[in-house]
Amino acid sequence: MVVTDERRLESATKGHAAKGRWVSRSRNQNLLIQAMGDTLTVRQEPPREGTVVRDTSGGVQREWAVPGWHDDWLQAVTPLEEYHWLGDIPAAGVSLKDKLDRVREVKEFLTGRDPRIAQVIVIYMERIEERHITSDAFDRRSEVGRLQFGAVVVATDGTRTVEQFEADGRVGGFEIAHIADERLDRMTEKAVRLLDAQAVEPGEHLIVAAPSVTGVLAHEAFGHGVEMDLFLSERALAAKKMGERVGSPFATIVDDPRRKDGFGGYPFDDDGNLAEMHVILDHGVLVGGLADADVQAAIGASPGNGRRQDYSRKVYPRMSNTFFEPGNATPEELIAGVERGVYLPQFESGMEDPKSWGLQLTVHHGEEIQDGRLTGRLYRTMAMTGYVPDVLQSIDGASSELNFSPGMCGKGWKEWATNGTGGPHLRFRARLG
Amino acid sequence: MGDQRNGWAPPALSRSARLIDSLGHPLSSAAEWVLRSSASAESQVYWRRGQRHAEREASLATNALTVFVDEGDRRGSAVAYLGDGGPKDERRIADAELAAGLVLNPGYRLPTGLATYPSVDLGDEPPDAKTLQAFGEKVQADLGRLGVTASHLELFSRRDEEVLMASNGRQHTWAGVALETDLVVAGGPDGAFEQRLFRRSRRLLDLLPEPALERMAEAVKDRSAAVRPPSGRLPVVLPAEELATLLDALRFRVSAEAVYNKIFPQGIGERLVEAKGDLLTLGADPLRPLAYSSGPTDESTVPGQRVSLIEDGVIKGLIADPQYAAYLGIEPTGPVGTLEWSPGSVSGESLLTGGRVLEVRGFSASMPNALTGDFAAEIKFGYLHEGGRRRPIAQGSVSGNLVELLADCRLSSETEEHPGYFGPAMVRFENVQVAGD
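In order, the protein sequence lines correspond to chains A and B.
Read left to right, the first sequence gives residues 1 to 433 (this note's numbering).
Read left to right, the second sequence gives residues 1001 to 1437 (this note's numbering).
Chain B extracted, bound-state conformation (with noise of 0.2 Å):
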């Protein structure tokens, strides 16, 4: 049963196990309840043009109780942040009760039934600071080699522990490695221009590839003798990195929160969008190895699966906690883990061609509205690609609407991986607006 083998249980099921065995009495009037314990500890250092400047080790420790109250047939929750038991912990339970009777929704109840978790690979041991320190001098060498500099790097190395326990008998422990880094990249004459990459992975060898280093060095070298792009309606062809960013914004979309709240025009069974290219489908998956947002359970102790949310543009499955699960008749589905957007059939390469394309490398931000899926966003850097030859760009700005963009696209075969998106290394959105001279 979860992870119990034979009476043992690792070190911290054990003391999560006696938190909630020390607080037994004042959580008698729960109808419910969640414990989720985490524990972190992270290196951090810190550059700037080569120079190391800070250094940090932080911890952090959390108990989180979720506690479920039933008044008829509503249901409310509230959350008590636990210390190691005791009076103040027994009063922090009563307060977060007290809050739960305040906050009545219609009813639902946790799964039943025990339930086996996935195992997931979340990554080994983190790079400690001193392994942080090498890798941070070898990623400033390897960019002086392509003749830029790091004007800005940091390095976050941790190691995550958490263990979740409910009243309805299930229990898991799992751990993690997170990495994180933030570089600033300089070149192009006097070193006048600058790309950004922030990036998480849960090894070393993935944070920083040597392609990465290459694609932001080209972009800066290149910037110098880039214009801004002419105005009017043009393909775009947008990388993996922001494609990422774009597609969360349809996470809320289908969500059953979304659906329950009528948000949205369309539900189960119904098409998003009516596309004259490419079709959308689109899963969602927690099990990916090493994938950042992997995880083998949601907070609600459900495991994590594989989820099928839009086929050929048709809604098929929606993201859905017990709760919304529960409003909606369908079945929970655990955590989301990473979007995976099936690839096209075509080459990135044939994307860039056939008349005049804006290839964008980057935008400075782009932030879709997640409720609205409208975004605008300036060209950090970029290519116009006309008759085979191509021109950097920078500035001037793309805008429209997510669900329209995706109703005229064409998604290159080959795939890319980023934290929270697995799908087209390159998508080309056909008739969209651009701004520029």
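The shape of chain A in the complex, shown without the other chains (with noise of 0.2 Å):
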């Protein structure tokens, strides 16, 4: 019987806590608010408090994870550090009918903006990640707020669908929920645009993404490749290409857990590990990785990358806020110089592929450019590929800003961690079909 396991299970697990000398305490709450038609729902999700026991001798690394935030297993021998990363606005300090009526303002405004909207959907949804990991070394605890508020407008002509969104996400607070009425206009004229849009010719095209396709292709292009769990099981082609150009000069991809602007964001890893900016790709040159504690003690790499979905998983070299770094144009000027191309504004989804650096994106829609402008014709959903190294050898142009798009990243399918996607403007050549 179940009960009867976890009662051993956790007897046997606080008899570690003595002896190993590290645990791990969690808690992960997700708060959901998602307005549909006339009907509004809030969903919490399971709180995954548990607390994990580590053993590390023997060579196999060994957890023990049971329910329950026990702070009595291990008693530090260290100050304790603490970190709070609430935003400027805790959400928990702020009522569940302040939160409501945010998703009801927002849902009012663009009801009934366009006959041809079929639907509005707001999603409001909030997450407090807490910590306690303590072990010979260190003791620390923190408590981070993360906050994901965005819309989606359904538009259809009575045979095609399509949608359009428009989302924040990033560590913080209430301060988040917040979409400037502009874009919500832009939204729903795109939604409706969208109706007659048309597949994109298959082949290279020169394309001047923005900041959400950017962030995802630094993530999905050389982020994964570069979690160095990886290089271990000698699944990633990295492992053979440190210290080579793989990139022009306009190419630098750094993953930094410190920043509070990106959706991936935290101050110590899951290993207890203090979060520290990494720079995987220098102007072109592969020069860093991803660790964790278990990669760090195979082959001595920086850790501060371990995280688990919540504690019933193991921890993996994982990404934070990954992106591009900034140039010195403006995105005009990179569409400018592009006689025919294809502009990307939204990115869908991607996969990595460390193996082969096969690049796969799903993009959610382009827009022709011409002569060094937007035509306003629109390409239906597609998907980029090429090899990595071809498209980020062929950079010739980024924006100076920065903006990050929030996002859950999976290890293949399963073991979801919160990210930061970013970057500027970039123009390069890739396969879009």
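Do not take every clue at face value.
Subject to a maximum C-alpha distance of 27 Å in a straight line, what follows is the list of computed BS3-like cross-link-like pairs (lysine-lysine) [said to hold, decoys possible]:
hint : chain 1 : residue 1 : chain 2 : residue 2
1    : A       : LYS241    : B       : LYS1221
2    : B       : LYS1138   : B       : LYS1221
3    : A       : LYS414    : B       : LYS1138
Hints in this document: simulated from the structure, not taken from any laboratory.
Make one complex out of these two single chains by using the hints.
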């Protein structure tokens, strides 16, 4: 029976806490508010509160994970460090009524703006992550708030259905739950225009990509490929390419968990190691990777990127906020330099290919560029593919702004972690279809 | 009634009943409530390149109490996650009742009357860590005999126990096994190519069967000879694993929630797609023995039952919980379970003939948009069939719209089962946009 196993597991775990001297307590609380049609839904996911004990003696990392926050299982021998990243207006201090009112405001603004808009969906997602990790070397406690706020409009002409979304998300609190009216208006107008979008002509194109897309490019093309557990399993081409030029001088990719303007920031990772910025690609040269404590023990890499979905899952090297560094141009200058090409304003999804460095992004939609201007002709959802070094070496311009998009990232199809992806506008060549 | 026989209740049910009894007073202002208690224990084993490098034992426990609050003809609901009773839980319930009062929607009720819950085979005892280790060693040895290497293997084995109790007098308890694997196989010159497989099942013998390993090995070995596909509009044949992902995007389209909110143009009695090829017939079955998605009840105490969703392209039924069922004036359907797609009448082999045909063995990742049906995905590996021969292909991409594709497709007579899917082993879609060379 599970209950009996639970009790045995709990007592075995408690014994190991004293011996192994590494204990982690964590709690993830998610609140989701969704308004769609005339219904409002508030959903709280089960708080994943649990305690993990780790033993790394014997060459195999062993963990025991049980429900509950067990502060008494290991006494600290170093002073407590505390971190509270809850934003200007901590979400826990805002009433549910105020949160619902914010959702309703946006829904009312969007409803009825165009007869072709079939439905409006507004989503508020709030996440509070608490950690307390104790070992012989440190005693660290954190509270990190993350918030994502967005809207989707669904348009139909009776035959086709399209959607357009706008969302913001980063570390912080209720101050994030806002989208400017102008953005909402542009979203509605774009959704209606998407009803006439056509398929892009398959082939290689000159592309100007917005931060929403360039961020996912950094994340999928390189971020996953330098998660260094893949080096240990010989799954990463990057392991053989360290120190080599694989991109143009415009291509600098960084992972920085210390940033609160990205959705994936944190003060210390799930191994308890303090967050550090890691440069992955330095003006086109591959220089670094991302490691957790396990990889650090194996090959001495600098840790700080160990993350787990929740206490019931293992820690892996993961990205946090991964982005291209900005350049000096403006987006308009980048577009003006394109005789014939495609502007990509918004991503849809992506998947990593660390072994072959194949690029696999799905882009939500695109817009034709001709003679240095956007023509207004829209393209439907398309795949962006190619060989990553070819794409990165073709980057010949970067704009000066830096913007992040929020997301959830899997290791393959599981182990979900919060992420920020970002960058400036970039101009490069890739295959679309 | 439920699982009570002669006054005896299983231990898990007793604990939940005691929890509810202890909270009697704080619950008195809720119009209705549902308590779902879940407990699970899991073994996890991890290998990289044949070396076992990590092991975990994890347990989870949740008591989710949904409270329903009525104000006039409107109802709100919210969830409180409880411990073992006591003042903290009383406060959590009070907070949930307050929250429920703030999210009032058009009214509905839980189903009334006692229910008979179906018996569903969800697996016996899960393999323990030692058995998982032995299984993992065997899989890696089998891959070695096929001439490839497992660069990464994870095996998870879990037992879940669930208890459902509600204010309408319904209660049920059930247990099941959940197995999961993430396998990456490397092969080809210097192990340059890899294939990844993520699978779930309720039995170890279904998790990584020999044919699945053989297909992975074939893909990595042929990958070195692969070229990009030609660009243009081609017939494309997809395997069951990819069809399972595509079809899942239809779930929302045949839900009462989507129809009530008028997300899509079609509703019950209307044709989803005007088909030139095989017509679409789709059902939902939560009672398939040993299917990963099976279960005896949904979270609103509605027993599982088989539901006909689409017949010959016409929407006949909708997946509905009590809330949206009440809004549309239909019966709630219970859990979704496995989407069952009626097969066709021709062999899968025959779908690969007749001119140039692109057979996709797997996409890198296809994530069709549930609202629009649009998708675009890179081809991880496949074959281009022409004139009785086949040539390995990789990269390039396939894009389109799911509903448009279903308008012109042919289904194999052979069937396969994957989590959430039972249906044709292969489907040929005509005139699909392929981007390659």
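Right, here's what the structure says about each hint:
1. A:LYS241 - B:LYS1221: Within the cut-off at roughly 24 Å; holds.
2. B:LYS1138 - B:LYS1221: Holds, at about 21 Å.
3. A:LYS414 - B:LYS1138: Answer holds: LYS414 (chain A) to LYS1138 (chain B) is near 24 Å, not above 27 Å.
In this structure, none of the earlier numbered hints is contradicted; all agree with it.
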